[in-house]
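Please construct the entire structure, taking both the sequences and the accompanying hints into account.
To convert, note that position 507 of the sequence shown is 507 in full-length UniProt numbering; the numbers rise steadily by one, no gaps.
Pairs of lysine to aspartate or glutamate, DMTMM-like flavour, derived with a Cα cap of 25 Å: (1) K375 x D342; (2) K580 x E532; (3) K657 x E647; (4) K536 x E526.
Honestly, the hints are just simulated from the structure, not real lab data.
Computed from a predicted model, the values in this text were never measured in an experiment.
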Amino acid sequence: MEISIDIGGVSVPVIDVTAAVVGSGAAALNGAVHLKRLGVDDVVIVTERLGAGTSANAGSDKQTYYRLNPEGGQGDDAASMAKDLFNGMGMHGDIALVEAALSSREFYHLVELGVPFPHDRFGRYVGYKTDHDQRSRGTSAGPNTSILMYGRLLDEVRRLEVPILDNLEVVDLVTVRDGGKKRICGLIAVDRTRLTERGFGLVLIEAGYVIYGIGGPAALYRESVYPKSQVGSTGIALKAGAAAQNLAESQFGIASTPFRWNLSGSYQQVIPRYFSVEGDGGDEREFLNDYFPTPGQLFEAQFLKGYQWPFDVRRIDNFGSSNIDLAVYIEREARGRRVFLDYTKNPAHGDVEFSVDTTPEVVREYLEKSNALGKTPVERLKAMNPPALELFKENGIDLEREPVETAVCHQHVNGGLACSVWWESNIENLFSVGECCGTHGVYRPGGSALNSGQVGSLRAAQMIAKRSSAEDLRGERGLMEERLAGKLECLKRLLASDRKIDPAAERGVIQERMSAVMGIVRNRAEIKSALEENKKMFERHKSAGVEDRGDIPAFLKNEDLLLTERGFLESALELLKGLKGSRGSFLVGRLDELVDLYIESAGRGIEIDIDESNGDTVVEFAYDENLNGRTRLVKARKIPSQEGWFEEDWREFREGKIYQ
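Set out below in structure tokens:
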């Protein structure tokens, strides 16, 4: 139902629904589909720009979906998968069990919707090994797996006639105190097509239940493989009082920069040539030779980088594949050079050029099985994965003729908003799904994020369907009108302020700061300094304004990013306080020290100290009412006992006790 209310002489639309789904990626759309199928008819999707999110625009050589593999020949089951997820450190065991138990259901849901996951002539959906995976649980519909998921889920949303409110940027989550606990009661959004109107395009959405699926904070880093259209809105949930966890845990990896795409899998396994140049394009050199003493060690590390794609400190010793990431990082960040991947020529180590005939056995065997024995990397890529080659050509880069520029990019946040086994936040009836939900720990198998997004949105829909059938939580109109009036005055002040800022320049400072201190090399001193800079910038931001109404959405997003950045920085400081070595996706130290370490090793390789002693803990972060950040370490919840008894489980299911 839509009506209008008068706020200070301004007419503001009010949309009154049972449930609102914020976001339009694969997780959010799946939540809307399940809500509708479970009988919650009064549901609406609210999105900034349909088709602009990560799942609708991202991928890799063959983008992986992680699920139980009944065809792996190893007796795979939910208990085994939950254990593997939990052993990634920093993940709650009950969440791991749910993601494992429902992975098959949601995988086959996607199959039924038309996502073309491959099967053999007997109908078996076979798999392959992905990152941090020994049971071949990975499967793929090609480079565009998540894009295909997005498309089929959107088709189903439209078939079910779920309304989509496009061009609405949610700027506030409205909560009410209910028995000492916060409960969501609605949203305030800005219609970006109506910014020039007196009311700045403000829209009020009353909803007793919210599925929050807005994706990760994609605009936090300078080097990012997220689509440019994705920004993220974690900060407004934090501002509303939602707790977060594991914000210091991210994934980084080698990606192309002109066209943002992960250079994983076959992009590495065909052994392209890495080279760097000065800023003016001169002094071309194959810099990886400085890091590996023999051709065999170099070519094997390059090959392994394909399915060991995320940077991992455990893969540095003994000339492991993560030395590739560090070498690229040093060339760019310490030496100011540009790095490229060339698929037209084979790499060479000294006088030894790569050849399939003389390469290490693990490389040769894989290329032979893939029938990818061409003389050049691009010929091997054509044979191994033609869609991966065509993808770049469709985006203006012909790998048969030109190199592609690359960097170590921010790719995924493993942390996010904290949740229960029903994906509910500490704010009652606010459910976070997809990347904005922090279900993952230090390590996660490739493709597990797609599974988590589908499973989590199913769980959220199930709980909402159960609760909404028993109670109507609407009726907080007075509170929401008060909050709406406050937001209207805030937007007016932006235009009236004497101190104008350029949102694009401000965002650039945030991204430079995060890339400098929260990438794959970190230390407490630099993070502390960045935190102080963040707080000062936030104070300046609060009293600043913009020249034009068109700058308002970017200005509000920067406030969101500043709040999110502070959560990242404070979480990292809490984590580093107890670490005596490197862990997961980051090396503890200074960049100049790392450069010196490689120079001193003279090609003999480096060894680093690794500390995984607190792998059974989770770093929680939350703001208080005054926006003071608080962090704490909590023990990860164990995997629940699975010794069920059918009659007892059946009784609890019938009586609805499973929702308690």
